[in-house]
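Asks: In case you want the letters, here they are:
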Amino acid sequence: MTPEEQAEFERRRKARNYVVAGTLLFFVVLFYAITIVRMGD
Amino acid sequence: MSMDATTTSTASGTPMPTEWRDFFTLTKPRVMTLVIFTAICGVLAAPGSIHPVLGFTAILAISMGAGGSAVLNMWWEADIDAGMKRTMNRPLPGGRMRREDARDFGIFLSAVSVALMGVAIGGTGWIYGMTAVTLSALFILLAWPVGQRMRSEDDKMLPEKKLFKFSIYYLFALFAALVLDRVAAYQGWIA
Numbered sequence: 001m002t003p004e005e006q007a008e009f010e011r012r013r014k015a016r017n018y019v020v021a022g023t024l025l026f027f028v029v030l031f032y033a034i035t036i037v038r039m040g041d
Numbered sequence: 042m043s044m045d046a047t048t049t050s051t052a053s054g055t056p057m058p059t060e061w062r063d064f065f066t067l068t069k070p071r072v073m074t075l076v077i078f079t080a081i082c083g084v085l086a087a088p089g090s091i092h093p094v095l096g097f098t099a100i101l102a103i104s105m106g107a108g109g110s111a112v113l114n115m116w117w118e119a120d121i122d123a124g125m126k127r128t129m130n131r132p133l134p135g136g137r138m139r140r141e142d143a144r145d146f147g148i149f150l151s152a153v154s155v156a157l158m159g160v161a162i163g164g165t166g167w168i169y170g171m172t173a174v175t176l177s178a179l180f181i182l183l184a185w186p187v188g189q190r191m192r193s194e195d196d197k198m199l200p201e202k203k204l205f206k207f208s209i210y211y212l213f214a215l216f217a218a219l220v221l222d223r224v225a226a227y228q229g230w231i232a
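Respectively, the protein sequence lines represent chains A and B. Using our numbering, the first residue of the first sequence is number 1, and each one after it goes up by one. Using our numbering, the first residue of the second sequence is number 42, and each one after it goes up by one.
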């Protein structure tokens, strides 16, 4: 793998990891909110 | 060697990780906006009220279901997409993603969508629920020959025509079941 390819490989992996982390965080907050709302029912 | 978003593997043949944007493209975001708009209209027009968090969750689940269907559609029809100019650069025919990844992503989105709706919002009335399940089963039965691309000799589009016809009756029947379900609930015939 050339240095450029290595850099591109890592860029894509990093971007994907950020998206997955963001999605997970979003769902953690969402489920917390759902729990609070449903407990109030 | 220059690198761009369409590069799929290195010179030595190591596959590149798929861009997250390609996964997003698979969900057909523009079609999804129409579904979201319809869902918002439904939430706003419905009698009674729903907590904003639950309303948002319901719309999110609906969008994820629509996205999951779009992904599975792109997975199943990648070979057809490859033959048409407008669709040949989609992530799968463009060779930017493994087919199995698209399939798994579609199944995952669909499953999470149904589970999220079940957990956050709850089930339906049983008249509407049973009708929806029955109609869906019929839909699958009629969609099967379309998916398998079965052709009859005299009419090459027969399975598609049958499915389209059914999809119109399907909506009428579903709405009728919904009305019946609500009337029965208000009258106290069902819980």
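No wet-lab data here; the hints were simulated from the structure. Careful: at least some of the hints might be erroneous.
[Said to hold, decoys possible] Some but not every residue of chain B turned toward chain A, in silico, with C-beta under 7 angstroms:
1) T51
2) S53
3) P58
4) D63
5) F78
6) H92
7) V94
8) A161
No residue lacks a Cβ here, since even glycine has one placed at the ideal position from N, Cα and C.
Asks: Interface hint check: S53 of chain B, Cβ to nearest Cβ on chain A, cutoff 7 angstroms. Holds or violated?
Replies: Since the shortest Cβ distance to chain A is 6 angstroms, the answer is holds.
Asks: At a threshold of 7 angstroms, is the proposed contact between A161 of chain B and chain A supported by beta-carbon distances?
Replies: holds (5 angstroms)
Asks: Hint validation: V94 of chain B versus chain A, beta carbon distance must be below 7 angstroms. Holds or violated?
Replies: holds (5 angstroms)
Asks: May I ask you to test the interface hint for H92 of chain B with respect to chain A, counting a Cβ-Cβ separation under 7 angstroms as satisfied?
Replies: Nearest chain A Cβ about 5 angstroms off; hint holds.
Asks: For the hint on T51 of chain B, just tell me whether its beta-carbon gets within less than 7 angstroms of chain A.
Replies: holds (4 angstroms)
Asks: Under 7 angstroms is the threshold here; is the Cβ of P58 of chain B close enough to any Cβ of chain A for the hint to stand?
Replies: It holds, given that the least Cβ distance between P58 of chain B and chain A is near 4 angstroms, below 7 angstroms.
Asks: Can you verify the interface hint for F78 of chain B: is its Cβ closer than 7 angstroms to any Cβ in chain A?
Replies: It is violated, given that the least Cβ distance between F78 of chain B and chain A is near 21 angstroms, above 7 angstroms.
Asks: Does the CB of D63 of chain B sit less than 7 angstroms away from some CB of chain A?
Replies: Hint violated; D63 of chain B Cβ to chain A Cβ min 10 angstroms, cut 7 angstroms.
Comparing the model with each earlier hint shows violations of hints 4, 5; every other hint is respected.
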